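Peer 1: Residues per chain are reported as follows:
2 protein chains.
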Amino acid sequence: MRILIIGGDGYCGWASALHLAARNHDVTILDSLVRRRWDCELGVSTLTPIHSMTERLEAWERQGERPIRFIEADAADYAALCDAIVTTQPEAIVNFGQQRSAPYSMIDRDHAAATMINNSLCNLNVLWAMREFAPGAHLVKLGTMGEYGTPNIEIEEGFITIEHKGRRDTLPFPKQPGSFYHLSKVADSDQIYFATRVWGLRATDLNQGVVYGVHTEETARAPELINRFDYDGVFGTALNRFCVQAALGHPLTVYGRGGQTRAFLNITDTVRCIELALQSPAPAGKFRVFNQFTQTFSVLNLARHVERVGKMLGLRVRIDHVENPRVERETHFYSSLNTNLLALGLEPVLLTDEVVASMIESARTFRSRIDRAQIMPKVRWKGLVRRSELGFLDSERVG
Amino acid sequence: MRILIIGGDGYCGWASALHLAARNHDVTILDSLVRRRWDCELGVSTLTPIHSMTERLEAWERQGERPIRFIEADAADYAALCDAIVTTQPEAIVNFGQQRSAPYSMIDRDHAAATMINNSLCNLNVLWAMREFAPGAHLVKLGTMGEYGTPNIEIEEGFITIEHKGRRDTLPFPKQPGSFYHLSKVADSDQIYFATRVWGLRATDLNQGVVYGVHTEETARAPELINRFDYDGVFGTALNRFCVQAALGHPLTVYGRGGQTRAFLNITDTVRCIELALQSPAPAGKFRVFNQFTQTFSVLNLARHVERVGKMLGLRVRIDHVENPRVERETHFYSSLNTNLLALGLEPVLLTDEVVASMIESARTFRSRIDRAQIMPKVRWKGLVRRSELGFLDSERVG
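Each protein sequence line maps, in turn, to chains A and B. For the first sequence, this note's numbering assigns the number 5 to the initial residue and increments by one for each residue that follows. For the second sequence, this note's numbering assigns the number 5 to the initial residue and increments by one for each residue that follows.
FYI, nobody ran anything at the bench for these hints, they're computed from the structure. Just so it is clear, the structure is predicted and the values come from calculations on it, not from any experiment. Heads up, a few of these hints could be off.
One copy or any two copies: either way a pair holds, since identical chains are not told apart in the list.
What the hints assert, rightly or not - Distance condition first, Cα-Cα at most 30 Å in a straight line; then the derived DSSO-like pairs of lysine-lysine:
no., residue 1, residue 2
1, Lys290, Lys169
2, Lys290, Lys386
3, Lys382, Lys315
4, Lys382, Lys169
5, Lys382, Lys290
6, Lys169, Lys315
7, Lys315, Lys290
8, Lys386, Lys315
Using the sequences and the accompanying hints, generate a full structural model.
Peer 2: Rendered as structure tokens:
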């Protein structure tokens, strides 16, 4: 299958590109490499030493695998995107090309605006470009479970049948996004649903949980293929951050009471879910939503799991409840379906002690690369960021 | 009350600015005058001869009324917007600053992107600027009934209580927007709801129906105060367009079967609704949604009403069913609540024969200004616009 992967230089995108190329698909990555520039802007770095795209792709070819094509372009540039689609004639387009950090989107107005424009303008461009040049291709778009927020009813996969005053309809599941990043994802989903209804495009929206893990089978094959792994207060997500903290002897930073429950999955399941979605394309005119996760945990239980495994490894681990920088419910009901991907054959890799141990071990391997100053959260949902705390901002407006 | 009106040069904005200034509020208009440029771009013109902003404001002062301040600036320019808010210290901000035509947003990718960026970036800017410089002000935002689409259940005002698998929650009413314009409005509503939850802003989202009518009490007072009135295939809305067609002897253009039912209100009720919303501000932290309309009609019934009144006036009127340029249901259930504004004291001006007759008479007054070539719809939801039909486009991409 000819597959165009937008955002193939990022954490999920890179792992997915290799996974698909290893299965002999004809993969093209389109990426502006902006993710690396965000690291520079924030003064942070991936725990793992990632290589340049050229080095990555050369190492992949040296494995004797099917080469991956690379187009350095921004999907926000409509002409460049159209050109890539005309050139590669994709049967499927996987769109990972998004600013994916909620804290980044909450730094200030400029970062909120940049997130909205990067994510929703690229999404809009992909839809119009597909309409013009690839109307039969299957769009696989990375959404997030965070689009739903934490409603007091079970979360369905994209749509819910509502009985109301004696009538009934199946409607988009109500969304309650919790940051400008999450808002952009909801807007994307609405745009895609519209494009399927009006233009007959086929699309699968993968509402993904929080991804954890360092390696997939393919990224582990050579040092040049290693994937990025973020632990900083802006791009680092809960479990990855906890494992780095355990490796370092830093307290595990649970935000607030820690009763926040979220959906999780291993990066090895992410790449498998992408493959499963691609293998069974949505029919023309269909907007298909899969909730892409394997387990749910409260943040506190996740920290306790890391604490327990860390101690088994002989580490000193303790949990700190730090002031929650976000505005979110800290105790709430949480239940969500994830049956669609299981029905397609997903066999979940669960979060065992061994998985946690291997993540802590990976963090210890790269211990010398850790910048302790980047671990604590600095971006607060309420109150503007103080410049003194953030070396990376020089906007006049941040006082 | 100190009121900043963003988009005060447009159809609803201008009428509202005068209505509020006549009631002795301290009104500032912020507008980039882009609405006039869109007319130039499309080669169309308002039926009524509107005057420059300077002439408008001078004529208003000559009425002995409280002067209206004018800031020529684009709300997409964050620094200019912040400056206006710091200068005027508004107690309320009314945001009409939006590209409001569904067909305009469907012309091509560039117009879809421009609509998204104009509407959602301005909305995002207003929220961040309020957070920084006017956290206590009341935001009144023009939404649209079109955000809801046409669900098969009754449309509530913004939120719906859902019972699902033995649990219950009150959640945002599911939206099914039908164009990139409507998508931008849904994204705006989501952003505003978020800002009220997280920052404690106070906001009222007015999901307005289709507005009709030429004059309000204030715009009728002097020729220089006359409001714009659009009848063209891009900016003209159903009833206004039918009245112009009747005045001209052009068949009334009903799109498809005409069973599309929509919510409507008179421009004289629009200005009153804005006033009512401002008089009873939403409490801090509250996202309040009012469905702002007075009656619902199917497009065919609306055309029949104009046909009947036109014949009473001695005109030859006939109805043509033209191919529907949009993708929408042509027969469907439609019922919506509008109790919030009625509870605040709105006394609807209903669509009587006299109202229709006065609109047709207005159209006859300006008959010589009508460009027949602009009446038929040219923008199709499916299939790209053909350049040969649209004098106004010179994008290379439109083939």
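Peer 1: Work down the list of hints and note, for each, if the structure agrees.
Peer 2: Verification of the hints:
1. Lys290 - Lys169: Both. Shortest intra-copy (28 Å) and inter-copy (26 Å) distances satisfy the 30 Å Cα cut-off.
2. Lys290 - Lys386: between (39 Å within a copy, 16 Å between copies)
3. Lys382 - Lys315: within (28 Å within a copy, 70 Å between copies)
4. Lys382 - Lys169: Intra 47 Å, inter 40 Å, cutoff 30 Å: neither.
5. Lys382 - Lys290: So Lys382 and Lys290 pass the 30 Å test across copies only (27 Å; inside, 41 Å).
6. Lys169 - Lys315: neither (56 Å within a copy, 41 Å between copies)
7. Lys315 - Lys290: Neither, since 49 Å and 46 Å both go past 30 Å.
8. Lys386 - Lys315: neither (36 Å within a copy, 61 Å between copies)
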